[in-house]
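Protein sequence lines, in the order shown, are assigned to chains D and B. Just so you know, we're using this note's numbering here: the first sequence kicks off at 1 and counts up by one. Just so you know, we're using this note's numbering here: the second sequence kicks off at 1 and counts up by one.
Treat each hint with caution, since some may be false.
For identical chains, the list gives no copy identity; a pair is met inside one copy or between any two copies.
Quick list of in silico lysine to any residue cross-link-like pairs, SDA-like style, CA-CA up to 20 Å [stated by the list, open to error]:
| id | residue 1 | residue 2 |
| --- | --- | --- |
| 1 | K182 | M56 |
| 2 | K84 | V131 |
| 3 | K156 | V186 |
| 4 | K156 | P179 |
| 5 | K151 | W219 |
| 6 | K191 | P168 |
| 7 | K182 | T236 |
| 8 | K23 | A12 |
Worth flagging that the hints you see were computed from the coordinates, not collected in a lab.
There are 2 protein chains.
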Amino acid sequence: MILLTNDDGIRAPGLRALYESIKEVDEVCVVAPETEMSAVGHAITLSDPLRVKEIMKNGGFFGYAVSGTPADCVKIALKAILRKKPDMVLSGINQGANVGTNVIYSGTVSAATEGTILGIPSIAISLDSFVDTDFSAAAAFAKRLVSQIRKRAFPKGTLLNVNVPSVPADQIQGVEIVPQGKSRVVETFDKRVDPRQHTYYWQAGEMVIMEEDEGTDCWALRHKKISITPIHFDLTDYGNMDLIRGWEIGA
Amino acid sequence: MILLTNDDGIRAPGLRALYESIKEVDEVCVVAPETEMSAVGHAITLSDPLRVKEIMKNGGFFGYAVSGTPADCVKIALKAILRKKPDMVLSGINQGANVGTNVIYSGTVSAATEGTILGIPSIAISLDSFVDTDFSAAAAFAKRLVSQIRKRAFPKGTLLNVNVPSVPADQIQGVEIVPQGKSRVVETFDKRVDPRQHTYYWQAGEMVIMEEDEGTDCWALRHKKISITPIHFDLTDYGNMDLIRGWEIGA
């Protein structure tokens with residue numbers, strides 16, 4: 001059984017496209033946020049209670065909506081909702097790419113990270129477009145990837161972060177296994193004044209491509225290739241440990 | 001000038017202790033969440049406006065409270081609030097350790113990560129206790145670390161995740177530069193029924209020490225040592241890239 005989740009919310013078309021594609025080849029269950037949870041990063045909900053609702057679609061049961069984050073959804077699915085442990089977690093299909101430094105803000109990736117922590121092969125999948133609603137190429141690739149994973153030894157402690165270019169399936173220029181790039185959204189704050197004369201700010205920004213991004217996830221998407229990046233959650237920068245050992249900070 | 005922030009909120013005693021200690025040696029500014037933001041991970045606020053309030057303490061200006069996450073605070077401090085770019089970011093002193101797998105949920109660490117992304121030497125500092133309110137040893141160590149960093153080349157793309165054991169300063173058994181461990185909170189969901197007969201869940205859990213944690217951040221704290229872990233935000237699992245290249249997933 002494959003657990004499907006996302007960060008765009010249980011009613012998002014990307015999740016529906018993933019559901020329709022994967023249920024052709026496997027048993028699926030959906031546990032996803034009740035509302036959009038973009039850019040929540042790896043947040044979990046500790047100070048509020050979580051509620052779970054059954055969601056119907058086309059007259060049948062579709063899945064469980066949780067009043068929490070993507071990471072909450074994976075945790076509560078395994079620990080409180082599902083009777084049987086899923087053997088794969090698929091998170092997506094996200095509306096918008098999750099590449100470069102921006103991966104750290106991604107709720108889509110955080111759900112797959114949570115699956116990995118809980119010992120389940122996990123995949124995050126995103127479509128590189130905020131406007132395109134044709135998820136068919138990404139959904140078809142997800143199905144192919146699931147079939148391949150069923151035949152392979154999935155690496156422990158790792159998830160796959162998959163990004164699909166927003167072009168018709170026959171224009172995709174291949175699949176690349178690439179590292180996370182350094183491109184990122186450079187943020188701006190739009191300062192405004194509300195009708196009560198109080199100041200507030202909207203956070204915005206745009207993706208800035210860094211030159212050193214040759215051969216990365218960002219580069220692959222720009223060249224109409226599907227990118228796959230294995231991601232782990234050991235954040236240690238091993239290369240800099242000795243440098244800091246040389247500092248005079250002994251207690 | 002050093003930017004101080006945290007995830008326990010601008011009124012937290014750990015932030016106050018850090019402020020009192022660091023202002024003895026450097027110019028400081030405080031931009032911190034208005035309310036507690038624990039376990040928000042690397043969330044940023046895109047769908048709501050951010051508001052900024054000036055906070056007074058003991059009759060003087062203390063800092064800016066932001067209606068957002070720790071990562072929001074660092075971004076808005078640099079892009080909209082402060083007239084001068086800080087040359088260091090200190091996040092803490094958090095109430096509770098940020099070690100092992102749990103680092104991925106940490107708002108304290110996410111603020112330091114944001115400083116690093118913006119090119120500023122950044123440190124997250126946490127006290128290994130949810131009840132102890134004596135932040136003096138941690139505050140003194142932060143001051144010593146800041147002085148040392150002023151004399152050293154700080155590694156690019158890296159932050160320091162510092163955890164201080166909850167013992168008096170003279171009982172601390174040294175400082176260790178160690179990798180992030182694998183210990184983590186194993187969650188449970190406490191199912192309850194509200195007065196309207198609706199089900200809800202509280203997410204809880206307890207830290208489980210994994211055997212392979214010898215020589216890690218978790219191990220250092222258990223041995224009354226201060227742990228320092230250099231952390232980066234390239235999440236790529238380079239060791240598993242070739243394995244996946246062997247799969248039959250070419251488009």
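At most 20 Å between CA atoms: does that hold for K84 and V131 within a copy, between copies, both, or neither?
For K84 and V131, neither the intra-copy (36 Å) nor the inter-copy (38 Å) Cα distance is at most 20 Å.
One pair to classify: K23 and A12, alpha carbons no more than 20 Å apart. Within, between, both, or neither?
within (17 Å within a copy, 49 Å between copies)
Alpha-carbon proximity context of K182 and T236, limit 20 Å:
both (17 Å within a copy, 11 Å between copies)
From the Cα coordinates, with 20 Å as the cut-off, is the pair K156 and P179 best called within, between, both, or neither?
both (18 Å within a copy, 18 Å between copies)
How do K191 and P168 come out at 20 Å by Cα distance, when the copy is not named: within, between, both, or neither?
neither (39 Å within a copy, 46 Å between copies)
I want to check one pair: K156 and V186. Are their C-alpha atoms no more than 20 Å apart within a copy, between two copies, both, or neither?
Between copies only: 18 Å across chains, 33 Å inside a chain, cut-off 20 Å.
How would you classify K151 and W219 at a CA-CA limit of 20 Å: within, between, both, or neither?
Neither. Shortest intra-copy (29 Å) and inter-copy (38 Å) distances fail the 20 Å Cα cut-off.
Between the shortest in-copy and the shortest cross-copy C-alpha distance, which are at most 20 Å for K182 and M56: within, between, both, or neither?
neither (41 Å within a copy, 39 Å between copies)
The structure does not agree with the numbered hints 1, 2, 5 and 6 stated previously, though it agrees with the rest.
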